[in-house]
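Enquirer: If you're matching positions, the sequence shown starts at 20 in the numbering used here and goes up one per residue.
It is possible that part of the hints are untrue.
Capping the alpha-carbon separation at 27 Å, the derived lysine-lysine pairs in DSS-like fashion look like this [what the hints assert, rightly or not]:
id: 1; residue 1: 86; residue 2: 66
id: 2; residue 1: 59; residue 2: 86
id: 3; residue 1: 89; residue 2: 59
id: 4; residue 1: 66; residue 2: 89
Bear in mind the hints are in silico, worked out from the structure with no lab data behind them.
Computed from a predicted model, the values in this text were never measured in an experiment.
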Amino acid sequence: GFEGLEETLRSDAENLSHFFIQSVRIHSGLWVAYEYARFKGRQTLLKPGGYPVWVEHSGWDTIGSLKPLKQ
20 GFEGLEETLR
30 SDAENLSHFF
40 IQSVRIHSGL
50 WVAYEYARFK
60 GRQTLLKPGG
70 YPVWVEHSGW
80 DTIGSLKPLK
90 Q
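Go ahead and model the full structure; you've got the sequences and the hints to work with.
Expert: Structure representation (structure tokens):
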């Protein structure tokens, strides 16, 4: 995990499907990962920490979209 291109997000990312994300690291706050673009499909809550092998964490091939939870 944690190889390849790196992208830093600070707000909603409506369509990540073209990036084929295989790992994610949350630095602060809570985020919701969605299976598909436009915040559709299954969702999972992400807490600060690393998720180096996404498919093992979620069972999904990749992340379609991400959104921070307002706190």
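Enquirer: State for each hint whether it applies.
Expert: Results of checking the hints against the structure:
For the hint linking residue 86 to residue 66, the alpha-carbon distance of about 12 Å falls within 27 Å, and the restraint holds. Between residue 59 and residue 86 the CA atoms are separated by roughly 11 Å; this keeps the pair inside 27 Å, and the hint holds. Taking the CA atoms of residue 89 and residue 59, the gap is about 18 Å. The hint holds against a cut of 27 Å. Note on residue 66 and residue 89: the hinted pairing holds, with a Cα-Cα distance of about 13 Å set against a maximum of 27 Å.
Going through the hint list in order, the structure satisfies each hint without exception.
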